[in-house]
Amino acid sequence: YCKDFNDDFMLCKSENRRPEYCLAEGRKVTRCTSDIIEKLRQNCAETFEKHWQCLELNNQDYHRCRKPERAFNSCVFQKLGLVKTIPGTPEGQVPIHEKKNPVFTSVQK
Amino acid sequence: MEIDVHRDLPPPGGFEAIKYKRSLPFRGPGGWAILGGVTLFCGIGFYRLGQGNLERRELKREKAWSRLHLVPMLLAEGDRDAYRREQAALAREKEIMKDVKGWEPGKSVYNNQKIVPRDTIYVL
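From first to last, the protein sequence lines stand for chains X and B. Counting from 1 along the first sequence, just add 624 to a position and that's the residue number in our numbering. Counting from 1 along the second sequence, just add 7 to a position and that's the residue number in our numbering.
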């Protein structure tokens with residue numbers, strides 16, 4: 625969603641490390657992120673809350689919270705049309721967040 | 008004496024023969040069967056281990072990408088904060104040293120102009 629702004633900011637940063645240099649791009653980045661958080665809260669508040677609470681209780685481990693994550697992802701896809709992709713997965717492999725019967729699950733189901 | 012009393016006699020037909028020869032028969036699964044069973048279990052275990060390692064790789068990938076996506080926002084916010092604090096510190100320094108001659112506020116004590124961020128930021 626915010627990929628262009630992030631890329632601009634990081635490229636600007638790679639030119640010059642001083643904070644003063646990249647303030648404008650930084651502002652665009654924060655505006656974009658606050659924008660998407662607003663949209664998420666408006667559209668998918670309960671699933672967002674559940675997923676967030678699950679992560680809070682679980683050391684921010686994704687593999688323990690696949691069920692709320694699935695609900696959240698489907699809600700976001702319906703309402704906003706955004707899909708979660710992990711860019712580096714090898715071709716032909718099911719991405720880890722969509723895999724059925726993963727080896728790593730939470731200890732207590 | 009014609010009375011029929013109970014006597015301690017051997018049972019009719021005599022006792023069975025006493026076993027005195029050693030008997031250690033070969034029973035149970037053979038050696039190859041045991042090895043095969045162990046190999047089977049170990050194989051299954053290693054297979055699951057390999058799968059788990061691959062999956063752990065994917066999990067690390069997911070974590071790394073999520074961090075990559077979050078970095079610009081955190082960096083932008085931190086930058087703004089650091090810049091503001093730096094300006095405030097500079098202003099304080101100017102204020103304190105304004106009567107001292109020959110002092111350039113914010114001048115580093117090293118001679119090359121490398122940009123080094125401050126190590127400590129005072130949270131006031």
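None of these hints come from the bench; they were simulated from the model. For clarity, every value in this text was computed on a predicted model and none was experimentally measured. Among the clues, some could well be false.
Stated by the list, open to error - Which stretches of chain X does chain B cover? Using the computed rule of at least three CB atoms under 8 Å from a CB of chain B, they are:
1. 627 to 639
2. 642 to 652
3. 664 to 677
From the three backbone atoms N, C-alpha and C, an ideal C-beta is built for every residue, glycine too.
### Message
Going through the numbered hints above, which ones does this structure break? Give me the numbers in ascending order.
### Response
Hint check: 3 fails alone, others pass.
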